[in-house]
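Chains as they are written, first to last, in my numbering: chain A, -13 to 75; chain B, -1 to 387.
All clues given are correct.
Listed below are the simulated DSS-like cross-link pairs for lysine-lysine, each with C-alpha atoms no more than 27 Å apart in a straight line:
(1) B:Lys202 with A:Lys74
(2) B:Lys202 with B:Lys270
(3) B:Lys97 with B:Lys144
(4) B:Lys97 with B:Lys152
(5) A:Lys74 with B:Lys270
Source of the hints: derived by calculation from the structure; they are not laboratory data.
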Amino acid sequence: MIQTANWFSLFIFLALLMVIFIGMSRAVLRMLHTPGKSSAPAVADRERLNLSHALGLYAVAASVPLAVFQPPALFDSLHAILAAFGVKL
Amino acid sequence: MITTFALLILPLIATVFTILSSSARANQRITLLVGIAHLIASLYCLVSLRDPFPNGWWLAVDPLGGFFLTILAHTFVLVVLYSPSFLQRMQGREYDHSKRLFYPALNFYLLANTLVLVVQQFAILWVVLELTTFSLVPLIFFYRSKESLEAVWKYLFLVSLGLVFLFVGVLFLGISARGISDYTAFSVARMTAAAPQLNPLWLKASFIFVLVGLSAKIGLAPMHPGDIDATSNAPAPVAALMAGSLRSTAVLVLLRFYQVVARTDVQPFAQKLLIFAGLLSLGVSAVYIWHNRNFKRLLAYSSVEHLGIIALGVGIGGVALLGALLHLLFNSFGKAALFFMAGNIHRSYGSREIDAITDLQRRLPWSGFVWALAFLYIIGTPPFVRDFF
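Generate the whole structure from the sequences, applying the supplied hints.
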């Protein structure tokens, strides 16, 4: 959009992203921080680290090495895909 | 040959095995093994850029297929690893039948989606895409509640309606090639090669119908409601599967058609349509995210937003297309994490209403932490640099 100077579309895009960002933040922060009626759970009831958390942590962390190291195995394939669409970077 | 076996035959065997076997543990193990074998085969296709199918078949793994297969298999393995703890929580006789169907449906889902990703013929692509819809029915209807029944019917109706549009799009694509190609030219490679000779008017009409038809499956506005209800009423692992891989599979089908259009003068028209669909989806999700009171629906609308961004990236083209592909990959990671935590939160609070979830940070410290982290990830906050390539 920047390359084609389509500023109107870019403006709408950024404005909508901002609205979505604020809307989601509002919901997530409310869930995290709104005080409940009961006090903190007893130690025995406390949630322990389990496989679902490990999977969640892995899922969010996995993109960082991909972004930092940009493995040729992935990016060569992506460039081959782009070439199929006539895009050369 | 081994790759072909791992991609297609193993999910088929696992589907049959899990139908016949009554042991949940054995079903889980075989499903996990098949998922891992599928992931290894997909990664092999992605890295080696080799097609495991013989030449002349209607099946092939091109780089595009290899990339989407990896997204599918990776999400599938995560979901299979999460599933035992979910099924363990579902105590009660009302869930017995759903639990029995869970692994067969999961394996059939893998098979149906793999077929969509490897089929290289437009008419067959339409048929196998319908299989992915049917594979999801028992999974979405897991809770057997009135809401999930309504969600299943709504999903089936809207997606099937979309597939009718897609069928018309396929027919128009055939008409656009009338007189210049034979029967076998309906393959993706032959149609792409013959693209400059296609009738532009029919090709435009074809792309309009294809985009509208696939919108229901991808979750793009205005055909998104069926997908929203299905995702928000499905159990957490199924919702993760839908948000992480099913929508990607539908995007691949759209890209197969776009591959043809991209080599013709119709491309600027298709790009405008995709940009419009992307912005419309962003607009719709912005409105609904703001007013929404159900956290699973919030995630479902977040998927509409992200698929809108992806449609926008494909429409803009160039480096934005690379961004769109990476966004697809990382969206599947983030949505899996968010839906897994949504499952934990739902189980602990017994509600999907945002107002009913209080003090998450103290009551579920780990789920709250991963939930917040995944939220930062999904909105593209550094260091989760998925949007900053």
